[in-house]
Amino acid sequence: MTGLLELHDVSLSFKGVRALNALSFSVAKGEICALIGPNGAGKSSLLNVINGVYRADAGDIVFDGLRFEAIHAQKAAHLGIGRTFQHNALFRRLTVRENVLAGLSRHGTASFFENIFRLGRDGAERRGFLARAEQTISFLGLPRHTERVVSTLPYGLQKRVDLARALVSGPKLLLLDEPMAGMNQEEKEEMSRVIREANRVFGSTVVLIEHDVGIVLNLASHVVVLDYGRKLADGTPDEVRKNPDVIAAYLGTVH
Amino acid sequence: MTTLQESALSKPLRQPAFGVGILAVGAGLIAAFAVPVLADDYWLSSIIIPTVIMGLAGIGLNLLMGYTGLVSIGSAAFMSIGAFSTYNLLLRAPFLPLPIVLILAGLIAAIAGVIFGLPSLRIKGFYLGASTLGAQFFFEWLFTNFSWFSNDSQSLTISAPRLQILDYDLQSATGRYYLVIATTALLIALAFAIVKSRVGREWMAIRDMDVAASVIGIRVARRKLLSFGISSFFLGIAGALWAFGYLGTSDAHAFNLDKSFQILFIVIIGGVATIFGNFLGAAFIVLTPILLDRLSLIIDLSFLGDQGALANLQHIIFGTIIIVLLIKEPDGLSSLIKRGVEALRPRARSSG
Amino acid sequence: MSYFLETLVSGLFAGVMYSLVAIGFVLIYKASGVFNFAQGAMLLFSALTVVTLTEKGMPFALAFIVTSFVMVVMAILIEWLVLRPLRNRDPLTLFMATLGLSYVIEGFAQLLMGMDVHMLDLGIPDVAVQVGGIYVSQFDIIASLIALTLVATLAIAFNKTRMGISLRAVAADTLAAQSIGIRLPVIWRIVWSVAGIVALVAGLVWGSRQGVQYSLSLVTLKALPVLIIGGFSSIPGAIAGGLLVGATEALADIYIGPLVNGSVSTWFAYILAVGFLLARPAGLFGDREIERV
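Protein chains in written order, with my numbering: chain A, 161 to 415; chain B, -15 to 336; chain C, 24 to 316.
Incorrect hints may appear among the rest.
Covered by chain B, per the in silico footprint, the following chain C stretches (three or more residues, Cβ under 8 Å) [stated by the list, open to error]:
| hint | region |
| --- | --- |
| 1 | 108 to 116 |
| 2 | 240 to 249 |
| 3 | 276 to 289 |
Source of the hints: derived by calculation from the structure; they are not laboratory data.
Note that the Cβ used here is the ideal one computed from N, Cα and C, for glycine as well.
Work the whole structure out from these sequences, hints included.
What follows is the structure, encoded as structure tokens:
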């Protein structure tokens, strides 16, 4: 089976501690794939390997038909891998609009000379960027906050800005690191709706990390369960729900 | 698409602000041209010219530090490169007009800036300070040990062989003022154009969270080097103006570590990531010693002993103000003033 | 060959002097994450205090004790007036604050005690003695012994005392240390006091070499490349870095200097440090920091 994203025996360790242990799985184009597992299972590390923040010790990754052992974060972005962060990683002194505009950087075509002196391709780029940013901002229900500096926004809204920044560039693959952390049930459902919409409207394949199993099993079409850097289960929500290992290691003990 | 049009239409409020901006720029330019009529030569030469040039240098560092988040404690080195390049270009390429010489000198400083900025691709924070501090010591050494740079002059000093544009001689205080103010005005416009462009936005993104910037596809390394280059371009031109528009005759030691610290202080005092704030910081740096001097004439400060004691007092005051500002007003004087203006605004409206 | 060796050895001794200054930085960096630019100013202030007191007729030992006390008071004031209000601010802000602090301390030092160059005689004869076929300054040997004693004392204090263990806890994980009841302000006051006394020792050794004067405060600039090479948070690193800088600088001055019109000592260490940074960003013994996102 070939997917948009395939991992083959990916391993990663920090100072001798194994974060990922010969991990393999595949994400099909267009699906919403959830990674679940207890804290320290290696979920965030996995996202970091996929988009090049960390470099895997072994194994390789195939994205959109391209095989690589290590990729630079920038290159990953230019290939169309978007990403949100578990801890706030917004450009905190910039406004919502500026954050979202920055998310479009990979589509910039004008040279710095054109940008600075507003020549040549700069005009079209500016207009195009603004239009896409406004569109994404309203898609995420943020128009009232467009001019706000993001550090002054409440946490839930910051999470949305983070998503908007990743979504605006139209990524083929969208990696979401706990997009619903710290939200109440209502907010989580709203966020689920937004992610589903993003998946449908923007056509982005989604890989997300989430702790709330109820939400995950509703939202995702594919679930991968991690435990101590290993893959415990991999399948549809129903399959995973019935998997005895998962029940023993994770579902049965938490909540 | 309707959302876009709506949002474009929902912003007529910005239109008058833009008009006010143009008015302010126009008024500023007229005022700048009128200054020599009102101020005497002392004011021009000893206060206004150095303030404007140091403010310009502040912009240079602020583009790097305030907008891109990269530390430099060697700004004066790039000023000295601008000064010595200008001197040598004027001397050795007499056919080049002054504005071209200044631009070339800025570009030479920019190249040096990019080279000394290379370590920023691997290291961060004050570790990066080491590289720029290296530039500081290296160029001071270079310009004092190789007399070619000062045309083999015995004293290792440089003074502009000519200071003219077309046929206008700019040696007088007024002439130097116009040279400085015109150059600075153009560079302010350039600075605004940069920070309002995609380049500026990407710089600020790198400053606020460089990993995230890289993850969304900003070419971090290229942008950092560009920032070093542009910052040094501004500093280089400021250095040329300092040497020939203010000092007249200077040497490498006019651009020592103390000068670098002064520029750093200008940025902190004026406000990080501001353009006009730098001139507030510069005014502070230029005026404080003069005010203390004046004060010592009025009040009897003889208990302090000599001139040196006054310099020490100045150091204490500078140091204290830096610390107090960092604690109380991390965004610098410009945010203090902005808040002041905002506090005054409702009253102005109700009274008018 | 013996010329080479003598240069190398005198360079290594100069390196010990650099390490002596660098250790003060490391202490403060470990405990409070601050790159204390004011260390040089503290050096100047403490040495100037000792000299002024002895010139007023106070016995050296008493002057030393009084100055130590003054440095402790200074540490408490710095913690109270500068560090506490700036808690939780980014390292760059703290660095700038120490830059401001260095202006204040230097200013006070010279305002109160004058700007003259004072000679300081520690009673160590600066004569050359022959050791293993090469000439070495006796002063250098004794200065190195002093440095060694200081480092040994610090090592014991760090590893054996309760305070030292708390300090290492703070250095390892500030939040965790606080949660087990270690009081940060207390740690800071102690560390800055110790750094003040290290500055005093370094100031005396340096001062007796080149006179007690303003330029003492500039040894900060010598320590910076040492710290970069050794890593900001490692005392062994500070020592190894100091030796490396001292030795290569002395050799470069002798062998490269003549090729380029004179002494390269103002900038050579920096270029070395930058080269080192590019090759080993974390320094000789520093831990690589992994960025968490």
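Quick one: see if chain B covers the region 240 to 249 of chain C, three-plus residues with Cβ-Cβ under 8 Å. holds (count 3)
Against chain B, does the region 108 to 116 of chain C show at least 3 residues with beta-carbon separation below 8 Å? holds (count 6)
Within 8 Å of chain B's CB atoms, at least three CB atoms from the region 276 to 289 of chain C: coverage verdict: As far as the region 276 to 289 of chain C goes, the hint holds, because 5 residues have Cβ atoms under 8 Å from chain B.
In summary, the structure agrees with every hint in the numbered list given earlier.
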